[in-house]
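A.B. asks: Construct the complete structure from the given sequences, taking the supplied hints into account.
When you line the sequence shown up against the working numbering, it's residues 189 to 315, in that order.
To be clear, the hints were calculated from the coordinates, so they are not data collected in a lab.
These numbers come from a predicted model, not from an experiment.
Where a beta carbon is used, it is the ideal one built from N, C-alpha and C, also for glycine.
Relax, there's no trap hidden among the hints.
The calculated SDA-like cross-link candidates involving lysine to any residue, where the alpha carbons are at most 25 Å apart (straight line), are:
| no. | residue 1 | residue 2 |
| --- | --- | --- |
| 1 | 209 | 314 |
| 2 | 303 | 216 |
| 3 | 293 | 273 |
| 4 | 303 | 270 |
| 5 | 293 | 277 |
| 6 | 293 | 256 |
| 7 | 300 | 191 |
| 8 | 290 | 268 |
| 9 | 303 | 266 |
| 10 | 209 | 312 |
| 11 | 209 | 310 |
| 12 | 308 | 218 |
| 13 | 198 | 216 |
| 14 | 194 | 307 |
| 15 | 293 | 247 |
| 16 | 312 | 189 |
| 17 | 194 | 213 |
| 18 | 303 | 214 |
| 19 | 293 | 246 |
| 20 | 199 | 216 |
| 21 | 194 | 312 |
| 22 | 307 | 193 |
| 23 | 300 | 271 |
The following label-pair restraints were derived from C-beta to C-beta distances:
| no. | residue 1 | residue 2 | range |
| --- | --- | --- | --- |
| 24 | 277 | 218 | 41 to 51 Å |
| 25 | 252 | 285 | 18 to 28 Å |
| 26 | 267 | 218 | 18 to 28 Å |
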Amino acid sequence: MAVQFKMIPKKNNLTSPPEVKYYPCAVSQGEVNLDDLARIVASRTTMSRPDCFGVIMALSDVIGESLANGNIVRVDNLGTFQLNLTGTPADSDAVIGKSNIKEAKINYRPSKELKNRMKKITYKRIR
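C.D. replies: This is how it looks when you write it as C-alpha cells:
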C-alpha cells in the first residue's frame, strides 16, 4: 500500500515579502499499538500472542535500563538508541554539575536495513 501525503503551505518570514512554499506531509492511516504488534509478530512466528506481548514489554524495559546505565543500544535491522542530555551552559568546566542537566532524551538512528526499506515506499497524493 502506498503512503498517502498532502501538500502543506508554509510561510517563509525570512524573505521580504514573505513567500509561501508547499511541502509534502505524510497522512497517518492509523496507529499500531502494543497489542497489534504482539498479534502481528505471533502470526509470523511460532510464538503465541501473549508470549510476543511479554517479549516486546521486556525489550522495552531492557532498552530503558541499558540507556539509564549509559549504554548505546544497537538492535540489528531496527536501529540504535542512545541517550542525549540537554542542559544549561556554565562559565567553566569546574562549576558544571547535575543541576545543569535539564533532561535526558532518547536519540534514535534507524539501521541501514530499515533506511533501505523506506527507499522502496510508494507514495500517493491526496487532496
